[in-house]
Every structure is written in C-alpha cells, then in structure tokens.
Amino acid sequence: MTDKSRTPEADLAFMRSIVEGSGRPPMTLAICYLAGGLLYGLQCLFHVGQVIGLIRWPDLANLIFVVGITTAFLAVLTWAILRDRRAGPSNRGPLATRVTNAAFSATGMANAAVVIVFAVGAFRDQDFAVWLYYAAIVFALQAAAWYAAWVLKKKGWMLAVSLGGWVTAVALGVLVRQPVAYLGVCTLALFLLFALPGWVMFRDARAGGKAA
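Its first residue numbered 57, the sequence shown is counted upward by one per residue in the numbering used here.
Note that these hints are calculated values from the structure, not bench results. Note that the structure is a prediction, hence the values are computed from the model and not measured. Mixed in with the good hints, there may be bad ones.
If you anchor each label on the Cβ, the simulated ranges turn out as follows [what the hints assert, rightly or not]:
(1) Lys209 / Leu119: 22 to 32 angstroms
(2) Arg262 / Gly212: 28 to 38 angstroms
(3) Leu110 / Ala169: 21 to 31 angstroms
Simulated crosslink set (SDA-like; lysine to any residue; CA at most 20 angstroms straight-line) [claimed, not checked]:
(4) Lys210 / Val226
(5) Lys211 / Ala159
(6) Lys209 / Ala227
(7) Lys210 / Ala158
(8) Lys209 / Arg259
(9) Lys210 / Asp260
(10) Lys210 / Trp222
(11) Lys209 / Ala158
(12) Lys209 / Phe258
(13) Lys211 / Leu231
We treat Cβ as the ideally placed atom computed from N, Cα and C, and that holds for glycine.
Could you put together the complete structure from these sequences and hints?
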C-alpha cells in the first residue's frame, strides 16, 4: 500500500536532512587552522624581522623561539583532539562536514609526505631553497581541499580561500630566491588563509556545540 503522505518535496527534505545532519562540527580542524595560522604567522613575522635586521637574537634564543612555536601548536592541537573525543559520536557532524574533514585529513597525509621529500632533497643538495618550495606545495594542496569544501557546501568564503591558496602557492614558488617577499607573502597567507578560516570554523563549531 502506497503512503500518500509521501511527496517529492518530502523525499527531498528527507535526503537533505541526511546530507546536512544536525551534529556538531568538530573543533579539531578549526583549532588546527586558527592556532597554526596565528602561531606560524607570528614565526614568519619573526623571520622577517631577522632578515631586515630588526631582530638579532643569539642562536640559542632563535632556536628556543622556533621550537616554542611548534610546541605551543602541538599542545593546542592535542587539547582540541581530546575535546572532540569527549564530545562523543554526535560530534562527527553532518555528512558534508565529515567528507570535508576527510578531504583535509587526506591533504594532511600528503603534506607529511611532502615534508619528508623536500627535507631530504634540501639536505642532500645542501640548498635551503629546495625546502622553501614545500610551503608552495602545502598551499596548493590546501587550495584543492578548500575547493572540495566549496563544492560540497557552496560557501563563498571557502572558494575565496581556495583561490587565495592557489595564488599564494604560485607566488611562493616564484619568490623562493627573494626571502623578504617570500616571508611577507607567507605571513599574510597564514593569517588570511589559515587563521581567518580557522576562526570562522571555530565560531561555527562553538555555535553548533551550544545548539546541540
């Protein structure tokens, strides 16, 4: 017997509810972008100061600062991961969000491989510029991930971040031998294409958590 209450509109609404879901968006990705953009953007500003002669610290102090940036990032990221786990299964969020997170996780795996490839290449060839190409590849991969996110969610700011990442990747690749310009582009990109989207996602994650 056919259920006459079922209509095409009802079916579409049901399918949309499956795709969009009602779970809370995860905090880990938001924190990763927000903290990473702020901390590593600060580190790039520090290196700009070194290149132009404003910062002249002893080598040990420079090393402590750089290690401190990474330590702070890992500490904040660990807190975010533990927070997501405590939030429970509902924190997985909508299907579109989970697919987006999967795309960024896959990008992270690719980034790890790129780090190894360029680090080994720079050490083998004794050419630091080889290592600097790593950042260009990271932004290119991020641009692809953000484009996938835009295709799924159709949020204009995601497309803007994707296009910005693409432009940044090209600019960094061209400016490898120009340290001040390279660091300037990298600094702006970290604040605008990592920290700012991270803040937007952090805001949405907090709003989703309160609504859940």
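Status of the hints after comparison with the structure:
1. Separation of Lys209 from Leu119 is about 41 angstroms and departs from the stated range, judged on CB atoms against 22 to 32 angstroms.
2. In this structure, Arg262 and Gly212 break the distance hint of 28 to 38 angstroms, their C-beta atoms being roughly 21 angstroms apart.
3. Checking the proposed 21 to 31 angstroms range against Leu110 and Ala169 shows it is violated: the Cβ atoms sit about 36 angstroms from each other.
4. For the hint pairing Lys210 with Val226, the CA-to-CA distance comes to about 25 angstroms; that exceeds 20 angstroms, so the pair is violated.
5. Restraint check for Lys211 and Ala159: satisfied, since their Cα atoms lie roughly 16 angstroms apart, inside the 20 angstroms limit.
6. With a CA separation close to 28 angstroms, the supplied pair Lys209 and Ala227 exceeds the 20 angstroms bound.
7. Of the pairs offered as hints, the one joining Lys210 and Ala158 holds, with about 17 angstroms between alpha carbons and a cut-off of 20 angstroms not exceeded.
8. Only pairs whose Cα atoms come within 20 angstroms are accepted, and Lys209 paired with Arg259 is accepted, the gap being roughly 17 angstroms.
9. Restraint check: the Cα-Cα separation between Lys210 and Asp260 comes to about 16 angstroms, which is no more than 20 angstroms; the hinted pair holds.
10. A distance of roughly 18 angstroms separates the Cα atoms of Lys210 and Trp222; the hinted pair therefore holds under the 20 angstroms criterion.
11. Distance hint between Lys209 and Ala158 is fulfilled; the C-alpha atoms sit about 14 angstroms from each other, no more than 20 angstroms.
12. At roughly 17 angstroms between alpha-carbon atoms, Lys209 and Phe258 fall within 20 angstroms of each other, so this suggested pair holds.
13. At roughly 31 angstroms between alpha-carbon atoms, Lys211 and Leu231 are farther apart than 20 angstroms, so this suggested pair is violated.
Checked against the numbered hints given earlier, the structure breaks hints 1, 2, 3, 4, 6, 13 and satisfies all the rest.
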